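Just so you know, the protein sequences line up as chains G and Y, in that order. For our numbering, count along the first sequence from 1 and bump the result up by 598. For our numbering, count along the second sequence from 1 and bump the result up by 3.
To be clear, the hints were calculated from the coordinates, so they are not data collected in a lab. Warning: the hint list may mix true and false statements.
Distance ranges between label pairs, derived from CB positions [to be verified]: (1) Y/Asn494 x G/Gly674: 26 to 34 Å; (2) G/Glu702 x Y/Pro615: 55 to 63 Å; (3) G/Asn617 x Y/Pro602: 36 to 44 Å; (4) G/Asn683 x Y/Asp610: 49 to 57 Å; (5) Y/His28 x G/Lys602: 56 to 64 Å; (6) Y/Arg518 x G/Thr615: 39 to 47 Å.
Predicted, not measured: the structure shown is a model, and the values here were computed from it. Note that the Cβ used here is the ideal one computed from N, Cα and C, for glycine as well.
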Amino acid sequence: MSEKTFAEPVLVPNQMTPNNAVEFNEEICNGCNKCIDYCRVDALMPNPIEGKPPILLYPDECWFAGCCAGACPHPGAVVMNQPMNQRVGWKRKETGEYFRVGMEDHPEPCEMFYA
Amino acid sequence: MSKVNDIQTMNAIKWPYPVQYGKTHEIECDVLCLGGGVGGCYAAMAADDAGVKVVVVDEGPIIRSGSAGTGFDHWHSVATNPCSKVTPAELTEIYRTPRGWFHGPFSVSHVRFIEAMESWDCLLTAEKIGVPIRDYDDHFKDSIWRDDKTKLMFAYDVDKNHCIRFKRGAIFKPQLKVELDRRGIEQYEYVCATSLLTEDGKQGGRVIGATGVSIRTGEFYVFKAKTVILGMGQPTQNWKFHTELNGSASGFFDPNWTGDGAYMALKAGAKMMNMEQNDTFTEPGGGFRRPMYGVGDVHNTWYGAIIVDANGKAVPYVDAEGNEIPPDEYERLYHGGWTYEHGDDLRLTPRLAEGLKTGEWVLPLYADLTQMDPLERDALWGIMVGNEGKTNYPVLKMYNKYGFDPSKDMLEVVTRNNLEDYGLPEAWWELETWERWRSPSCGCLQFVDWNLRTSLEGLYAIGFGIGTNMAAGACTTGRYAARNAAKYSMNVDAVPVDQAQVEAEKNRVYKFAQRTEGMGWKECRAGMARVMQDYCSVTKGEAVFNKGLTWLDTIEANELNTLYARNPHELVRCIETENMLLVDRAILEASKARKHSNPWLSFYRVDYPEMPEEKDYTYSMTHMEGDKWVVEEIPLRWYLQGPYADNYEDNYDACSAIDDED
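Pulled out of the complex, with its shape left as it was, chain Y reads as follows:
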C-alpha cells in the first residue's frame, strides 16, 4: 500500500454497520427472483398471484433499483392496446427488419412475441397500482398522437400506435415497491447474489437456489428455492471503468450490471447466446461526453426538436427519400419521427457537413425548443427527456434549478470531434462514443426456450438478459417466466443444498476480506477494461483474442490474486470484479469461435472478413464443462423449428401457462 493510502487510512472510522462475515442466513421459497428491477417485481407479483412463496433479492434498494428504477418515458410493444394497428406477430416481424430495431435479424423473436402479447396487460397492471398511463387531465387533448377515447398517448410510430408515452415514468418503480410491500412479498435488499446452487452441487444440474452476500454487513445468504428467475441484466461494464468525473454520463444502464448474472449462469453450466456480440449502440459507453439526453439532439427521445445554427438559422430535416422538409411542414416531425419499417426516416440534411464549411450554417448549433408547438415542447422536454432513464433529476430538475426554460432557451448541441471524420448527422448523435468502449447490445444473453427457461432445469431468465426491450420487455417476460416457474415449483420437491458447494462459495467470496493488502478493485477493473478495449473491441482476430486470454490468465494469477477488501462494500466490488473476468473469458472464447464477420454483431475480424449471407446467420451458444469452454452454433429461427410449432401463436398458447393464472 502506498504511503498516501496510509495517511488516509489513519483517519478511517469504524464501519457503520455490524459486520459478521460468514454468518449464514437460510431462506426457503418456491420461486426466487434474483434482481428486483421492474422485471423482477413483475415476476414476484405473478408468482404471488399463482399462490407460491416468492422471495426477491436485489443488490440495491428495490424502490429505485434496476435500469428502469429511475424512470422511463415510453413503453414499447403494446400491440394489443385498443388503438394498436399491428398484431403481436406483425410487430415481432417488424422488429426483425433491418431498421426495425437494432437487433435486426438477431432479434430473439420468441421473446419479443411474448413481450408484444403481454405488454398491454402489464400496463394495465401498472395502472391498477397507481401509475399514470393515460392523459387523465387532458393536457394533450389536441395533440395528434393522443387518442381521445382511451386518453392514451403514443410515441414514435404514431401510425401503428404500439409505443405508449408515459407522463411520469419516474414514479413507476416506487409504486411497484409499494405493491410488493402491500402483498407482503419477502425482499432482501443490498444483498448481492454470488452463485447458483445446483442439485448435488453438479454443474449442469437442476438449479435449486442461490447464495448472496450483504454489501453492508458481509453476512452470507443461502436461498433454497424450487426454482430461480434470473433478472440481473447484462454484463455492461467489461469495457468500461468510470470515475466521478464522468458525472451522469457514466452509463445509461444499471451500474450494478456487472455481469454477475452471466457469471452465475455460466458457472452453473447454463448456455449463453452471442457472447461475442458487442457494440456502441446500447449504451453511451465511455462516459466521456455529456449527461445523457442532456444536450440538444434530433434522434430518439429528441424527435421533433428544431435545430438552429449560431445565428438562429434552421437546419432542415430530410425525410427517408432525402427531401428537405420546409419549416411550415414541421408537424410531420411530431407525427412520429420513427416508424419501424423505415427506421429513422427523419434526420438532418446531409448538406450540413458541407454547409458548415461554406458558411451556410455557423457553429455552434442549438436545439431551439422555443419554436416548437407548446404541446410538443411539453412532450419532448417534460415527458420524454424529463423521464428518459435517469434524466428526471440530473437533466430536468437540475437544468430547471439553474434557470433553463424550454420556452425561452436554446440548449446547446455538442458536436463530436472532427465532423468530416464521422460524417453528419450521426456525428453528433450524443449517445454514440468511441468504438473501444462497448456494451453487449443484443449479445451476452441467457438462452431461454418458449417457457423462458434456460438450458438448466429450474432456472428461468427475464429482461435485458434475454434480449427484450426496455421496461416493457422486462415486465412482460418477468410475469411470463414467473407463471412457468410457479407452475414448475408446484410439481417438484425441494432438494437439499449441497453443503460442499456452499462452503466452496464461502471460501471464494470471503478470501478478499481475509487479505489485508494488495490491489484495490478499481485498479483491477480499469486494467481488465483495458484488456477488453485492446483485445476484443475494434480490432478483432485470432492472435488478438489469444493475447486477451493470455492477459486474463496473467491477471488471474497475479493482480486478481491480491485483490483485497477493507469492508463488505469493497468485498462485493471484489466479487463482481472476479466475476467479470470469467465473463470476459466467455466473450473472448465465443469471439474466437465465430470464424467470420457480421455487421449485425459489430463483429469484424481481420482474419475472417467474409460476411455470410443472412440465411446462414447463426447464434453462438457458449457454456462451460468443468473449466473448459464449449461454443456451438444454432440457427436463428430455432424457436419456430421442431420440437416447436412453426408459428408464434401456437407456441405461445402451449407455453404461456395462462390457464394456470386463475
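Chain G on its own, in the form it takes in the complex:
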C-alpha cells in the first residue's frame, strides 16, 4: 500500500447527480451575474459574497441549453458540462483515432461555421 495519507472520513451525503451541469472558473468569473438572468429555469442563484460566481442550486432542472454560458461576457468563466453518460464520440477518418466529449487530450478546435 502506498504511504500516502488518507482523507479524514466524514459523514456526508453522497448525492446521486454530479451537480456540475454548469461550472464556474473562479479565476475568470467576476460575479456579474448576467448568466443568472439568462437561465430559463432559474437554476442559478447569486452568490452571497459579492464578486463571486453564481451558485448552481438546481442542476436537476438544467435544460442543458447553455444559455448561461452563451451569455457570459468573460470567456471561460462558465461552461456547461454534459454528464458522462451523454458524452458522444467520433472517429477521425484518416487516422482511425477515437475522440469524445470530455477528453483532455483532444484535437484543436476547428473553425466553426455560422456558430
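We have chain G; now place chain Y onto it with these hints.
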C-alpha cells in the same frame, strides 16, 4: 424529513432575493400575453401595433424563454414567399395527408391555414428586426436549394419551397427581446402564471385577467386585462421526470411546459381537444439517450448524411419505391429528403438488418460528413444541426471545443437495443424512445375558433397549445390572435376582478410554503409520472384508466397534501406539480370517453380495439363543470361547417382582423 436532509439543511444559506409571500401587485392592461416565447412576443408586437396596452408574463427570461428561445434551423409553412409553388390552402391540405405531417387527419387545419397565410409576413418582420433570413453573404450561392434572386434558402421539400432554412436561428429570440424593449412593452419575467380570473369569479365566464407568483420573491401578481392570450405551450412532462443525469437529452421542448396553461384553461371552464392523444413522436420522451441531434442520423435535420459502417462501407439509401440510390447519385439526398406528399421518401436500405447479421455491414455505424459536398456539410452541421432547438451550445459548440471537425471526423450513430425487435432503419432514429414516456403530440390542445378564441369569451390561445407547427406556427398565430384580442379589447369595458377568486387562489398557491415538512416536489412528480406511464401509456383500457384515477385520488389526498416549499422556487415547482395532477385527470377522463382505438392518436385500447373509418374520426372536447368532467365529440372538419364558410379563404377573410391592423 430524513437525517441526511437535515445535514444538508444545516448548511443552508439565506435566500438571495427578498421574499415577500403574499405581497400583491396589481397590473392593468388591454391584452395580457401569458407566455413570452416567440409566439407571445409576436402577439405582443401585434397588440402594440394595434395601439392597445399589452403586458407579457413569462416564467423565465424572455431573451431565451420558450421552445424556440435557444434557436431553430428552419421555418415552416412559408406558402406565400416569392419562390413558393404551393398555395396556403394546398399546403394546409398536404399537412392532412397520411405522411404530410404527424398530425395527419387530426391536423387542426384552420390553424394551419392561418399559419400558411402569415408565415412569410412574420419572417419579413423578423428580418426587419435584425434576424438573418437570407444567404446575404452568398455562401450557398451554388447550392441547389438556394434561390439566387431572393437569396432565400429552402429545406426539405425543395420542389415546393415552403420551408426556409435559417443560418442563425439561435439569435432570433434575443432580437425579439430587443424589439419588445425598444417598443417599451411591459414585461414580467420569472413570474409563473397560476390561474385565470373570470367575470364574477364564475367558471365558464369571460376571462378578465390572471394571477401569478414570482419564482424569486414569492410575490403575488394580479393582472387585470380586457383580454388574455394563452401562449404557454402544452403539457409535456406528465409522463416524465428528469434528473441532471439526462443531460441535454432531458427534453426537446421548454422545461417550463408543465401544463400550467392547460390547468388554468380547464379550471376556468375552457374546452380542450384530444386530451387523450399522446405518443412518442414529438419529444424524445425519456431522456435516456444522447444529446438531441447529437449523434449521427438520417432523418429530419440529418437528411443527406452519409452513413458508413465500421469499415467505412456506405449503407445505401433507398427511395420511396425501395430502389437503392448509388453513391454517385447522392445529390438526390440533398434535394429534399422529405416531400410532404411522400413523407420520408429517402431512408436507409431495409437490407441493413439482414446485412448486419451476414457481415455485409459491421457495427458500429458512423455518419460520415467528410464525404459530403462541402456546402451540404456546412448546411447540415452548421445551419441545421447547429441551430436545431437547443443544439447550438450543447452540440455545435461543445463538440467543437473537444475537436470535432465535420470535414475530418465521423460521428457515431448510436443503435438502439435489439435491432431485430424494432426493425430497421427506424431502430436507431435517435429521437424515438420507449413508448411509456410520452408527450401530447397533437393532443392536449386548446379549442380555438377562426378568431383563435377559445371557448371562453376574452381568452385566446396560440402556438403549440393549439396545434401549430414550431416557431412559424407560434409567431403567426400569436400575431393573428393578438389582432383579434386587441379588436375585442377596444369594444369592451374592463370588469373588476372578483376578490374572492383572488383570495382563493392565494390560499391555493401559498399553502405549500406554509408547510415546513412533508414531501418534496421532485418525488411527487416522479410518482405521478409513473402513474401515467403505468395507467395511461402503452396498455390502455377502462380498468387501467380507473386505476390511474384512483391513484391520482390517493396522491391528492396523501402525498400532494404534504407537498412543501422552502423558498419561492420550490413554491412554483409545487404549484406546477399540483397543476399537473389536474391535467393528468383530464387526460384519463378523455381517454375513458374515447371508446375505440385510433393509430393517429397512438391510442390503442385493449377493451375497444376497433378502429373507426376515417370519415368517422372525431375530436374529443373536454371541459369542467364544477369539479365534474364533461367529454364531448365534434367532427374533425367543424371549422369548415356552419356557421363557418366551407372554405379556408372566406373564413380567414372574415376573421383575420387584417383591416384593423392599419
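(request) List, from low to high, the hint numbers that the structure doesn't satisfy. (result) 1, 4 and 6
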